[in-house]
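Protein chains in written order, with UniProt numbering: chain P, 1 to 308; chain Y, 1 to 266.
Among the clues, some could well be false.
Unchecked claim - A partial selection of chain P residues facing chain Y, derived with a Cβ cut-off under 7 Å: (1) S31; (2) L49; (3) Y53; (4) A59; (5) I62; (6) G90; (7) T95; (8) L98; (9) G102; (10) I118; (11) G161; (12) L286; (13) V290.
By construction, these hints were calculated from the structure, which means they are not laboratory data. Just so we're clear, the structure is a prediction, and the values are computed from it rather than from any experiment. From the three backbone atoms N, C-alpha and C, an ideal C-beta is built for every residue, glycine too.
As a plain string of letters, each chain reads:
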Amino acid sequence: MTVDTPTRPVGRPIVPAPRDTVARRGSVFLSRHPRLRLSLLLSAPMFWLGLVYIAALAALLITALWTVDTFTGTISQTWTLDNIIAVLTGSLYQTVTLRTVGVALLVTLVDILIALPIAFFMAKVASARLQRVLVIAVLMPLWASYLVKAYAWRSVLSRDGIFEWLVAPFGGQTPGYGLPATIITLSYLWLPYVILPIYAGLERVPDSLLEASGDLGGKTWSTLRLVVLPMIWPAIIAGSIFSFSLSLGDYITVNIVGGANQMLGNLVYTNVGAANNLPLAAAIALIPIVIIFAYLAAVRRTGALDNL
Amino acid sequence: MRLSSLARGLLAAITIVVLAAIYLPLVVVLVNSFSTSTSLTWPPPGFTLEWWVKAFGNAGALDAVLTSVQVALAATVISLVLGTLASLALQRFEFFGREAVSLLVILPIALPGIITGIALNNAFRTILGLQLSIVTVIVAHATFCIVTVFNNVIARLRLLGTSYEDASADLGAGVWTTFRLITFPQLRSALFAGGLLAFALSFDEIIVTTFTAGSSVKTLPLWILDNLFRPNQAPVVNVIAVVLVLVSIVPIYIAQRIAGAEKIAR
């Protein structure tokens with residue numbers, strides 16, 4: 001920034017020194033103090049996320065250690081591990097946790113398997129123009145309300161719905177409402193969130209690399225497995241974080257198409273609302289929190305968190 | 001690697017089938033919005049424009065759309081500012097706790113909405129003693145929208161490098177001038193894309209909203225949830241969904257055009 005006054009080159013005008021204003025001095029001061037610049041940049045987002053979010057989460061976790069007065073229905077701040085123990089040992093919670101994690105894993109798997117070929121087609125086969133159309137086509141359903149789409153599946157899968165109407169001539173029938181319907185609907189809802197990061201990841205794989213692999217004798221399949229897959233792995237994981245975590249906390253879709261099945265979100269929801277037992281709800285909420293943290297810790301080293 | 005024409009054809013076929021499956025429920029929604037049946041039976045027994053007329057005269061629905069637009073706009077503006085600040089800090093500086101900060105930005109979207117929802121509900125009401133209002137909804141939405149802006153901007157910053165900024169500083173531009181004339185113009189399309197995603201995310205959010213909106217605030221998803229299971233309102237909901245999808249083409253198209261133009265320019 002500070003430059004010693006050079007000897008003036010012959011025939012060139014002198015650039016006038018910047019005027020010494022307050023803004024100028026502030027700017028000079030800032031550029032000399034990168035740490036100050038950093039703290040100014042960080043303070044607002046950290047204030048927001050730390051104060052609004054982390055404080056709220058911490059408070060919720062503390063609530064899990066309290067209990068509800070059975071007479072007054074108010075939270076009494078007596079410390080106890082009862083809620084946590086109830087959640088860890090209750091067979092209801094174990095069953096529902098297994099069911100929820102199973103559904104979330106299946107939804108994620110289905111979404112990745114569907115997203116890979118379509119993202120590959122978008123990024124590597126389609127022309128630039130078609131590519132733009134396809135991105136729009138994938139993004140647009142995101143704007144149709146989540147509820148409307150879930151409800152549309154309810155209508156599609158109902159006994160007199162379009163699914164039955166389509167497959168009945170081939171002897172098929174609708175799966176009806178239940179866990180399969182929940183998995184179908186959730187996969188449908190989160191598919192764009194999985195396609196987009198994988199598509200972006202594939203876009204970053206240079207075509208020249210694929211050609212090089214081909215020139216060196218790599219068959220299509222081995223090129224995909226040895227060159228493409230390692231490069232887009234972080235993007236796949238990034239997509240999976242969306243589908244996995246969104247499925248893990250869902251309770252509305254399962255209400256609409258899941259029949260009588262409950263997921264973890266339903267248990268939390270009933271305990272906050274009808275049962276008015278926030279401490280127990282907080283203790284149940286710990287299950288998905290722990291699962292997500294374990295998942296994030298496991299995938300952190302892949303660099304997936306930079307690909308969300 | 002050369003893809004055989006068979007492989008290309010297969011990929012194209014899969015893409016077509018998947019897109020068909022993506023649009024099938026939306027087509028059902030579109031058709032049902034003209035159907036005389038209120039219980040969404042297939043095939044539709046008859047054609048009517050009744051629901052379309054009703055939807056545009058439905059004060060509750062129009063109010064809800066307006067509320068949702070307000071919430072989404074405010075949350076988007078906040079997340080644009082905070083997301084850009086955070087991404088500049090994380091991309092341009094090395095510091096202790098950098099990873100923790102990046103995890104903190106991601107966390108509100110990585111944790112299921114119901115957890116964010118009850119945590120904020122508990123914090124607003126019990127700890128801070130606030131009344132739930134449109135402000136609490138905006139605060140909650142902005143919290144999980146930061147990450148979409150953050151991701152778009154940080155990816156762009158990584159791509160840009162610092163050479164232009166360094167050159168600008170060498171030529172005597174101050175910190176603010178460099179940002180205004182060099183950094184910001186290069187970030188514009190990333191900000192637009194991130195902001196659009198943030199807007200969409202907020203506009204359609206239902207779970208966190210359920211826990212942070214008081215009874216006086218009705219965003220569109222809350223209104224839809226109230227009306228979805230009422231026989232005479234479900235087709236009106238379908239009309240609104242169709243209109244939203246159609247309207248959404250405009251901003252998505254603009255975002256694509258900007259991104260496409262930049263790709264050519266680069």
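To see whether the hints hold, each was checked on the structure:
1. S31: Nearest chain Y Cβ about 5 Å off; hint holds.
2. L49: 5 Å, holds
3. Y53: 5 Å, holds
4. A59: 6 Å, holds
5. I62: Given a least distance of 10 Å, the restraint on P:I62 is violated.
6. G90: This hint is violated: P:G90 lies away from chain Y, its Cβ roughly 19 Å from the closest one there, beyond 7 Å.
7. T95: Check failed: Cβ of P:T95 comes no nearer than 19 Å to chain Y, outside 7 Å.
8. L98: The hint is violated - P:L98 has no Cβ within 7 Å of chain Y, the shortest such distance being about 17 Å.
9. G102: Violated, about 16 Å.
10. I118: Holds, because the Cβ-Cβ distance from P:I118 to chain Y comes to roughly 5 Å (cut-off 7 Å).
11. G161: 5 Å, holds
12. L286: 9 Å, violated
13. V290: 11 Å, violated
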